[in-house]
Amino acid sequence: MEKAKMFFAIGIAVALVLVISAVVWSLPGALEFDGSQDDEDSLVIEDATGEEVSLEAPPERIVSFMPSNTELLFHLEVGERIVGVDDFSNHPEEALDLPKVGDSLEVDYEKIVDLEPDVVVITEAVTHLREQLKEYGIKTVATGGETLEDVYSDLELLGEMCGVEERAEEKSQDLREKMDEITDETRDLSDEKRIDVLYISGTYDGINTPGDGTFQDTLLTNAGGHNIASDKDGWSQIDESEIIDRDPEVIIAPYHLEQDLEEYTEKDSWQDITAVEDNEIHFVDSDVMSRPGPRIVEAQETLVEILQNGEDDDTSADQEVKMDWTELRINSSKKMVVEA
Amino acid sequence: MTHPLKNHFKITLFAFSVLTLFTLFLSLSLGSVSIPIKKILEILFSRLPFIGRFFPKHIDAHARIILLIRLPRILLGLIAGIALAVSGSSMQGVFKNPMASPFILGVSAGGAFGAAVGISFGIPWLLLPLIAFLFAMGTMFTVFFLGRVRGSTDISTLLLAGLAMNFLMTALTSLIIFYGDPAERMSIVAWTWGSLGGTIWNEVRISFPVILLGSAGVYAFARDLNVIQTGETSAKQLGIEVEKTKIIQLITSSLLAAVVISYTGVIGFVGLIIPHASRLLVGPDHRKLIPVSALLGGSFLIICDTVSRLSGGLWVGVITGLFGAPFFIYLLLKNRGETGW
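Order-wise, the sequence lines are chains A and B.
For reference, each letter of the first sequence is one residue, going -15 to 324 in the working numbering.
For reference, each letter of the second sequence is one residue, going 142 to 482 in the working numbering.
Possibly wrong hints are sitting among the right ones.
[Unchecked claim] Computed cross-link-like contacts, DSSO-like style, restricted to lysine-lysine with a CA-CA straight-line distance of at most 27 Å: (1) K180/B with K475/B; (2) K151/B with K237/B; (3) K198/B with K179/B; (4) K377/B with K475/B; (5) K177/A with K123/A; (6) K(-13)/A with K151/B; (7) K377/B with K151/B; (8) K151/B with K(-11)/A; (9) K180/B with K198/B; (10) K198/B with K(-11)/A; (11) K123/A with K95/A; (12) K(-13)/A with K475/B; (13) K198/B with K123/A; (14) K95/A with K198/B; (15) K84/A with K118/A; (16) K162/A with K123/A; (17) K177/A with K118/A; (18) K84/A with K385/B; (19) K237/B with K475/B; (20) K95/A with K84/A; (21) K177/A with K155/A; (22) K118/A with K198/B; (23) K180/B with K(-11)/A; (24) K385/B with K237/B; (25) K(-13)/A with K385/B; (26) K118/A with K180/B; (27) K475/B with K(-11)/A; (28) K95/A with K179/B; (29) K177/A with K162/A; (30) K180/B with K95/A.
These aren't lab readings, by the way, just hints derived from the structure by calculation.
Make the full structure from the sequences, and use the hints.
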């Protein structure tokens, strides 16, 4: 009797579990696979990660995830197709008014789905978004977003995606020419003429610096500098003792680190560093300097100015940079006149 | 001690079921995109078998948000809450102490380490709960045998062994992520504090049947657990194989915690406070305690996770910890100088 009752109870429990599980299993139904069918897709592009993404047509609704992607899309004059951006996209001004969809640590997937994008543009560094968005039937195209060459190829990739290949090629060619022009006299300098420079990108948990493979390293080299952290791989940390040992002649850092950096430069151990001795510590706009987008031209100009006019003794680094820009433009236009 | 809901058990159970359903719908209606309640109900009911045809079928962005983002996350929260609460009830019954729980005994951390090992060795996601279970069970029995003093369990030794294993397993998890994939370093925080973010349907599909069956398994021994409370000698006299019951309970409760943890990371304190709160409400009879714990645990975790979602992604374990840690201290003070309850 007791046993029969127990078997009955177990039977009911198992049946209940099966029913509940079956409902849970089938609830999302076909919805899960919406948008991943390829039957009418005509546009197939290979993105920076080598993934082949097929789209029905050039996307009319784009969510741009990463500030550099936003800037590149606006540079391609397809900004009006952007329906949402990540929290850090603040340039150009139009981007500020667009709906925000979070940052790479906390993505607001609900918001992205609600915006009904044809595609979400991400970068290689945040490919974890790809799997998650696929779950919701949303396609992703990844740009490189890391090196200087990526800027040109990302521009062309996004151009191909948006159906404006020609414009993209022109713009990328134009960027390349501008960059070449700015670094004309500096990029092939011999080693002994190069200026030892340290770029400090952050002071979180030690001193962070862009090493080999970052576009900042390339920009510094092309500006006639020698990045004292170029033996390091990618974004890395540099010890204070290493900095003192490698003795940079110039130190460059974003504006927001001005106070943090003072704590270091006031130390006794830092007084023998040439850059500290000569007061060659310059502050720059970190957005311009850290995004592999169209504003690399501005970034490159700034670096050339800082490194090539370092001997001017000016206490206000900010003013110095601005003055030198105008000077550079006058110089280069003079040069063009002469050449013409 | 009086237990306010000790009598009228059927009404109590019904009330808690309604509460759970209410929490589920409430959570479903909250999020960064606002969707009208009527539409949410239509989206849900149109998907049910048989009655579905009477409701308009939506396939727009709102339907996707409800069915692909919120619903799986909330259902995983529900089932995770059930699993942790039932696991805690079982452990508290086995050790005859209100401070035992999968988190306090390091079992959750062990499961998380197992899952982290699985991920870094590229084990398919389907097998993650299995490897998490093996590690959780390993931790459980290590703690269990460390806590044995001359044939019986010494509760303070047990808790200290749990503390040590908790630290060891958390440290090992961080270590394997830190050196495994530098890009994933931020996920150490998610593993340590637990998160239901990015839940996908397949996780719900696996955990639902396993956890419901596991909970039923714990419930099947409810009567034996009751007898163990009255003393192991009397249990033996009644023909209950105490050691065997204990070991089966510990295996099942490790399984429950591990399946959840392999998808969410360590969510602490649910398995501690929910069984205790339920005991205050319905008394120490495990036949009442286990179902009430399950429902209360499910609703509690859904509420905590809703706070987590609305706060912009604060880890759910932080919220359960804010509730749970003061509660644990209260239990410590209350139990000073006593053994058992």
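Right, here's what the structure says about each hint:
Between K180/B and K475/B, the direct Cα distance comes to roughly 48 Å. Violation of the 27 Å bound is thereby established for this hinted pair. Our distance criterion of 27 Å between C-alpha atoms is met by K151/B and K237/B, whose separation comes to about 26 Å. A distance of roughly 13 Å separates the Cα atoms of K198/B and K179/B; the hinted pair therefore holds under the 27 Å criterion. With a CA separation close to 30 Å, the supplied pair K377/B and K475/B exceeds the 27 Å bound.
Simply put, K177/A and K123/A have alpha-carbon atoms about 49 Å apart, too far for the 27 Å limit, and the pair is violated. For the hint pairing K(-13)/A with K151/B, the CA-to-CA distance comes to about 24 Å; that is within 27 Å, so the pair holds. At roughly 31 Å between alpha-carbon atoms, K377/B and K151/B are farther apart than 27 Å, so this suggested pair is violated. Note on K151/B and K(-11)/A: the hinted pairing holds, with a Cα-Cα distance of about 20 Å set against a maximum of 27 Å.
Distance hint between K180/B and K198/B is fulfilled; the C-alpha atoms sit about 10 Å from each other, no more than 27 Å. About 43 Å separates the Cα atoms of K198/B and K(-11)/A, which puts this hinted pair outside 27 Å; it is violated. Of the pairs offered as hints, the one joining K123/A and K95/A holds, with about 15 Å between alpha carbons and a cut-off of 27 Å not exceeded. Annotation: proposed proximity of K(-13)/A to K475/B is violated, straight-line Cα distance about 41 Å (limit 27 Å).
Taking the CA atoms of K198/B and K123/A, the gap is about 24 Å. The hint holds against a cut of 27 Å. Taking the CA atoms of K95/A and K198/B, the gap is near 22 Å; set against the 27 Å cutoff, the hint holds. A C-alpha spacing of about 20 Å is found between K84/A and K118/A, which places the hinted pair at or below 27 Å, so the restraint holds. Pair hint K162/A plus K123/A does not hold up; C-alpha atoms about 34 Å apart against a cutoff of 27 Å.
For the given pair, K177/A sits about 51 Å from K118/A by alpha-carbon distance, which is inconsistent with the 27 Å threshold. Only pairs whose Cα atoms come within 27 Å are accepted, and K84/A paired with K385/B is rejected, the gap being roughly 56 Å. For the hint linking K237/B to K475/B, the alpha-carbon distance of about 15 Å falls within 27 Å, and the restraint holds. Annotation: proposed proximity of K95/A to K84/A holds, straight-line Cα distance about 8 Å (limit 27 Å).
For the given pair, K177/A sits about 33 Å from K155/A by alpha-carbon distance, which is inconsistent with the 27 Å threshold. Annotation: proposed proximity of K118/A to K198/B holds, straight-line Cα distance about 22 Å (limit 27 Å). A C-alpha spacing of about 44 Å is found between K180/B and K(-11)/A, which places the hinted pair above 27 Å, so the restraint is violated. Among the hinted pairs, K385/B with K237/B is consistent with the structure: their alpha-carbon atoms are about 16 Å apart, no more than 27 Å.
For the suggested pair K(-13)/A and K385/B, the alpha carbons sit about 19 Å apart, so the restraint of at most 27 Å is met. A C-alpha spacing of about 24 Å is found between K118/A and K180/B, which places the hinted pair at or below 27 Å, so the restraint holds. For the suggested pair K475/B and K(-11)/A, the alpha carbons sit about 41 Å apart, so the restraint of at most 27 Å is broken. Taking the CA atoms of K95/A and K179/B, the gap is near 20 Å; set against the 27 Å cutoff, the hint holds.
Proposed proximity of K177/A and K162/A is supported: the alpha carbons are some 23 Å apart, at most 27 Å. The hinted pair formed by K180/B and K95/A meets the criterion: a straight-line CA distance of about 17 Å does not exceed 27 Å.
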